[in-house]
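Assembly of the complex is requested from the two constituent chains, each provided in isolation within its own frame, with the hints serving as guidance.
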Amino acid sequence: MMVEQPHQGRDVSEAPPGRRTLFRAGLGATAAALAAGTARRARAEDQSPPDDPAWSQALGPGIGDRVYGTPSHFEADVIRRNVPWLTANAESSISFTPLQYQQGIITPSGVFFERYHAGRPTVDPAQHRLMIHGLVDRPLLLTMADIKRFPSENRIHFIECPANGGMEWRAAQLNSLQYTHGMIGCAEWTGVKLSTLLNEVGIKPKASWVLAEGADGAHMARSIPLEKCLDDVLVVYAQNGEALRPEQGYPLRLIVPGWQGNVNIKWIRRLELGDAPWFTREETSKYTELMADGKARGFTWPIYAKSVITFPCPEMPAKGPGIYEIRGLAWSGLGKVAAVDVSTDGGINWTRARLHNPVLSKALTRFTLEWRWDGKPALLQSRAIDETGFVQPTLAELRHVRGTNGVYNNNSIQTWQVKPDGSVFNVQLG
Amino acid sequence: MFSWGRLFAVAGALLPIAAFAADAPHYGFGTTPTPAQIEGWAIAVRPDGQGLPPGSGSVHDGDDLFSALCSTCHGTFGEGAGRYPRIAGEGKLTGDRPEQTVASYWPYATTLFDYINRAMPFPTPHVLPPDQVYAITAYVLNLNGLVDDNFVADAKSLPQVKMPNVNGFIWKDPRPDTHDEACMSNCRAPADIKVVSTAEGKSLTPRTTGTLDTAMPQ
Chain A
698 MMVEQPHQGR DVSEAPPGRR TLFRAGLGAT AAALAAGTAR RARAEDQSPP DDPAWSQALG
758 PGIGDRVYGT PSHFEADVIR RNVPWLTANA ESSISFTPLQ YQQGIITPSG VFFERYHAGR
818 PTVDPAQHRL MIHGLVDRPL LLTMADIKRF PSENRIHFIE CPANGGMEWR AAQLNSLQYT
878 HGMIGCAEWT GVKLSTLLNE VGIKPKASWV LAEGADGAHM ARSIPLEKCL DDVLVVYAQN
938 GEALRPEQGY PLRLIVPGWQ GNVNIKWIRR LELGDAPWFT REETSKYTEL MADGKARGFT
998 WPIYAKSVIT FPCPEMPAKG PGIYEIRGLA WSGLGKVAAV DVSTDGGINW TRARLHNPVL
1058 SKALTRFTLE WRWDGKPALL QSRAIDETGF VQPTLAELRH VRGTNGVYNN NSIQTWQVKP
1118 DGSVFNVQLG
Chain B
313 MFSWGRLFAV AGALLPIAAF AADAPHYGFG TTPTPAQIEG WAIAVRPDGQ GLPPGSGSVH
373 DGDDLFSALC STCHGTFGEG AGRYPRIAGE GKLTGDRPEQ TVASYWPYAT TLFDYINRAM
433 PFPTPHVLPP DQVYAITAYV LNLNGLVDDN FVADAKSLPQ VKMPNVNGFI WKDPRPDTHD
493 EACMSNCRAP ADIKVVSTAE GKSLTPRTTG TLDTAMPQ
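These protein sequence lines map, in sequence, to chains A and B. For the first sequence, position 353 matches number 1050 in the working numbering, and the numbering has no gaps at all. For the second sequence, position 199 matches number 511 in the working numbering, and the numbering has no gaps at all.
Read the hints as simulated data drawn from the structure, not as lab findings. Fair warning: this is a prediction, and the values are worked out from it, not measured in the lab. A virtual CB, placed ideally from N, CA and C, is assigned to each residue, including glycine. Do not take every clue at face value.
[What the hints assert, rightly or not] Think about it this way: if two alpha-carbon atoms lie no more than 25 Å apart in a straight line, the pair counts; the simulated BS3-like pairs of lysine-lysine are:
#: 1; chain 1: A; residue 1: Lys-1073; chain 2: B; residue 2: Lys-506
#: 2; chain 1: B; residue 1: Lys-404; chain 2: A; residue 2: Lys-992
#: 3; chain 1: B; residue 1: Lys-404; chain 2: A; residue 2: Lys-983
#: 4; chain 1: B; residue 1: Lys-484; chain 2: A; residue 2: Lys-1033
#: 5; chain 1: B; residue 1: Lys-474; chain 2: A; residue 2: Lys-983
#: 6; chain 1: B; residue 1: Lys-474; chain 2: A; residue 2: Lys-992
#: 7; chain 1: B; residue 1: Lys-514; chain 2: A; residue 2: Lys-1016
#: 8; chain 1: A; residue 1: Lys-1073; chain 2: B; residue 2: Lys-514
#: 9; chain 1: B; residue 1: Lys-484; chain 2: A; residue 2: Lys-925
#: 10; chain 1: A; residue 1: Lys-983; chain 2: B; residue 2: Lys-484
#: 11; chain 1: A; residue 1: Lys-992; chain 2: B; residue 2: Lys-484
#: 12; chain 1: A; residue 1: Lys-1116; chain 2: B; residue 2: Lys-474
#: 13; chain 1: A; residue 1: Lys-903; chain 2: B; residue 2: Lys-484
#: 14; chain 1: B; residue 1: Lys-514; chain 2: A; residue 2: Lys-1116
[Unchecked claim] The following residues of chain B were derived to be distant from chain A, with all beta-carbon distances above 10 Å:
#: 15; residue: Gly-367
#: 16; residue: Ser-370
#: 17; residue: Ala-380
#: 18; residue: Leu-381
#: 19; residue: Gly-387
#: 20; residue: Glu-391
#: 21; residue: Glu-402
#: 22; residue: Asp-460
#: 23; residue: Ser-469
#: 24; residue: Gln-472
#: 25; residue: Lys-474
One chain only, chain B, in its complex shape (with noise of 0.2 Å):
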């Protein structure tokens, strides 16, 4: 039979169990990280500078550093070896080639402190000191015309660098963008249907059959 003070009743057991469901894990398992294995392991660098470590890196510093570590893939002056592609100097971003170097495309200089220190140098990562990847970075800055040849890098000077693009981006998806209607008949004109570009004839495809086909282009 209904009962109002039933239905109180087990609301009121219910209560304390919802209380203690915010306050603790629900299944218990793990561990709980100690600060050494959080501070270790959190690198995450933010164009606030929240995650950047203590150091810092003079541009002078940063020359002789990216000579004998970086410049055999970026170059010398940062304008990219064999296939790896420039990363410094003024581009345009509009035309047949859009030049995407730290100057031209990069929002933010935390990001290069950022990726720098989490995935260079390419064969052996994550294994340079705060001071000199705060170096390195200084010195791509300077590579690329965004800061002059005293600048020295640490947490507080790199989210002040003023970066030429960073005002370039759209972070809000616009999509869609495209508005094409799903149309079954006659929907154009036969005198309209002409290829105007085919793969047929060009020697860019490897092989499609046989063994792993290394062979670069002629």
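This is chain A alone, in the form it adopts within the complex (with noise of 0.2 Å):
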């Protein structure tokens, strides 16, 4: 007599075997030997209606077998990615964010994009210092207690390295929005307003730049001015609920809200205050950007306004004619986004998309715009405004200013090329 095995095909479990899949499998033996002859066992490919499918018809993992959570794996797929040419090598290089999965604002912590400069460093929290000195009253120490027991803040804020898009200036090169676009990420950070542990040392008047220094081996250190560290900085030690990420600056960040993602100094463990910037490496050979004419620009730290279609994207075709809801994401580091504007035919016209609650101050906003395909080439475009009135440009308008030297801070419209077949391809317009 055959005696059908129950967990054919598809394997509901993902723990591994021991006495609990024993337990189960002596339950299913059970069950098999019930339904024997009735023909209502599931087979492999047959787990759609009407068909009762074999996780339906049999006892799944319980509590404990996965104390910290991981996604399916179904969605293996949704990683971050490199680009192996771009680097010299993997310690100082960085990874992209799958934008082409984010359905939210949020970036789950797992795929945060990385950037690293001397690798990513263990730092043991209880041996972790911050450590507050120069044009101050009173030089401060501060452990990763005390630093938690000041006033806590929690803010949601991207950071996108300026260098997002840098590959695209002379032409199209990746097709991808994660290779595109991937150099940001969005969380809720939880940590000390900077005015506050300022406030707390006491500021000398002559005081007006700050330099933040990491715990990394680059000893990562950018100038900020202290009116930036007044207004809106935060030290950080949560990412989404949760202690940051090694890969986001455990135990301890900066988050400069709405600038350019390497003056979010991770691993903090310094800040000096003087009264001139030092010009450090990573803002004089580094984030400036060169201009047509030789000459370069520095300290230009905002991020200006900037949004991009993720779906229809090269990772996420379309599948024939019919309705889509065209799906994006758009971010100022100045301020709020005020609207995001959509075309379909490359900029001839436009409409405005609908924003999605929560539309938060330099952070990711969701933005969607029904479009009904008629299967025909199209080009898409999404095109960002924020509150203080600044428009997105064009590529060919930030060409015309600044030539194709400059590597960052491309905040231009991305077109996306749909063909008949409903795939798509990273163009650049004319």
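So, in structure tokens, the structure goes:
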């Protein structure tokens, strides 16, 4: 007699076999024996109506087998990816957020893009210190426990590397949303207002700049005007409700809302107040923008208004004519996104998209627009306008003003070309 | 009932509190770092020389150190190895392939000391004594033709090194430098809409599904 075994086809359990599995197998055998001859057991290929799928005729794993949850193994494509030819090594490199899968304004901590200059340090929070000194009345040394006693702040902000889109200045190179726009993430951050800490040490009248320095091997250091530090900068220890991820600066990092990612110093250990900037390597040789005339711009900190359509995109093509919801993300380092317009004809005509709540200052903002695609070639674009009235520029306009050697601060309108078969390509218009 | 006398009494009571707040911390968490603790961590160097430690190093000493510690990535003469960029020599900052070397681009020689000290050698950063950092700094400046063979780098000499591109930077953000308007209809002539560049067919894009793609393009 054939006795049908449970759990044929897809394995609904992601736990290793053990006593629990044997227990369930026993139950399953009983059920199989009871069901024998009734043809009610699903085959591997019959998991949809009218058949009852295997996962509906089995006992799933119990609690305690995944004490820190991970995404379903069916979501294995949703990972940070990198461009191997972009950098000389993995320790001073960057990975990209899979924006094509991001459904809200919060980037899951596990796929938030990485940028390291000397790899990811393993910092012991018990040994970690934040030192504040220089032009202050009372230098201060703080433990993590000390920092967590100060009044706390929760804010949602994006962080974008200013090199996001930097490979696209001369030509369309990468056929992917993840690689053209993935140097960005948005999270809820919890920490202390830097102004609270600076008031605690007492700022000397001559102080006008703050050097923020990390505990990584690069001792990453950036000069930040005191005015910004007193405005909205945070020293944070938590991201999306839990301790910062090591990739994001565990146990402590700076959040400089709306400003280029590099100044959001990770693994921060030191703040020095001074009366002039330091002109570190990361604000002279790098993170400066070479213009066509050979002059360079420095200290170009804020991220200006930018947006991108996340569906359809090269990774997420259309499938035949019909109604689609065009989806995307918009952001501005100068405040809130005021509006987003979408064009399907390469910028001849525009339609105002719907902004989804919450619309927060210096945070990713989601937009959607219903689109009835007739199956003909289309050129999709989105254009953000922020609360200062600034309008996201075309790439042609940016090139006209800055040339193509700047690397950083490419906030241009992205064009996705949709072909009749639904495939989507990264293109640039004349 | 309102009383001027009571208002003055309240204001008088507040004054000492305000004075107290200026002289002392409000929360009082943490400790005061010792001078030795501050000195150990305060490594940042400014163009005026603030932060440069005692010590010195010559171009000659830097030659041997550079060969041993730096040349694997930066090349014997700073020409760069593999995908590491060229760091030495003259270079144009205009055209299709600008060359941003220490000589052509870096505005301050002090930044070189600061960076080598804080971040180099790449596999074991911030382990070299100041004399060796000064020596490597002197050698890199010499490779760039910015100092002669007899140069000795120290806290006095480094801020005085003349860097050719010191005036090549605009440190005040000129943005917004684009002034597009949010036109809604008939914004461009349909005949002007032309695809001038596409990523289609280029073999530069790593895989976006499956496991991580580590292959270099053809």
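Structure-based check of each hint:
1. For the proposed pair A/Lys-1073 and B/Lys-506, the alpha carbon gap of about 16 Å is at most 25 Å, so the pair holds.
2. About 11 Å separates the Cα atoms of B/Lys-404 and A/Lys-992, which keeps this hinted pair within 25 Å; it holds.
3. Simply put, B/Lys-404 and A/Lys-983 have alpha-carbon atoms about 17 Å apart, close enough for the 25 Å limit, and the pair holds.
4. Our distance criterion of 25 Å between C-alpha atoms is met by B/Lys-484 and A/Lys-1033, whose separation comes to about 24 Å.
5. Only pairs whose Cα atoms come within 25 Å are accepted, and B/Lys-474 paired with A/Lys-983 is accepted, the gap being roughly 20 Å.
6. Under the criterion of a C-alpha separation no larger than 25 Å, the hint pairing B/Lys-474 with A/Lys-992 is consistent with the structure, at around 18 Å.
7. Distance restraint check for B/Lys-514 and A/Lys-1016: the Cα-Cα separation of roughly 23 Å lies within the 25 Å cut-off, and the hinted pair is therefore satisfied.
8. Taking the CA atoms of A/Lys-1073 and B/Lys-514, the gap is about 24 Å. The hint holds against a cut of 25 Å.
9. Pair hint B/Lys-484 plus A/Lys-925 holds up; C-alpha atoms about 15 Å apart against a cutoff of 25 Å.
10. Simply put, A/Lys-983 and B/Lys-484 have alpha-carbon atoms about 16 Å apart, close enough for the 25 Å limit, and the pair holds.
11. Taken as a hint, the A/Lys-992 and B/Lys-484 pair is honoured in the structure, with Cα atoms around 13 Å apart against an allowance of 25 Å.
12. As the CA atoms of A/Lys-1116 and B/Lys-474 are separated by approximately 56 Å, the hinted pair breaks the 25 Å bound.
13. For the hint linking A/Lys-903 to B/Lys-484, the alpha-carbon distance of about 20 Å falls within 25 Å, and the restraint holds.
14. At roughly 17 Å between alpha-carbon atoms, B/Lys-514 and A/Lys-1116 fall within 25 Å of each other, so this suggested pair holds.
15. The Cβ of B/Gly-367 lies farther than 10 Å from every Cβ of chain A, with a closest approach of about 19 Å, so its non-interface assignment holds.
16. A cut-off of 10 Å between C-beta atoms confirms that B/Ser-370 is not in contact with chain A; the least separation is 23 Å.
17. With a closest Cβ-Cβ approach of about 19 Å to chain A, B/Ala-380 is found to remain outside the 10 Å limit, as its non-interface label requires.
18. Distance to chain A confirms B/Leu-381 as a non-interface residue, since its nearest Cβ pair spans about 15 Å, more than 10 Å.
19. Separation of B/Gly-387 from chain A is adequate, the least Cβ-Cβ distance of about 12 Å exceeding the 10 Å criterion.
20. No beta-carbon of chain A is positioned within 10 Å of the beta-carbon of B/Glu-391; the least distance is around 14 Å.
21. In this structure B/Glu-402 is separated from chain A by more than 10 Å, as the shortest Cβ-Cβ distance comes to about 13 Å.
22. The non-interface label for B/Asp-460 is consistent with chain A: the shortest C-beta to C-beta separation is roughly 23 Å, beyond 10 Å.
23. With a minimum CB-CB distance of about 18 Å to chain A, B/Ser-469 clears the 10 Å threshold, and the non-interface call stands.
24. For B/Gln-472, the non-interface assignment is confirmed: its Cβ lies about 16 Å from the closest Cβ of chain A, beyond the 10 Å cut-off.
25. The non-interface label for B/Lys-474 is consistent with chain A: the shortest C-beta to C-beta separation is roughly 16 Å, beyond 10 Å.
Checked against the numbered hints above, the structure violates only hint 12.
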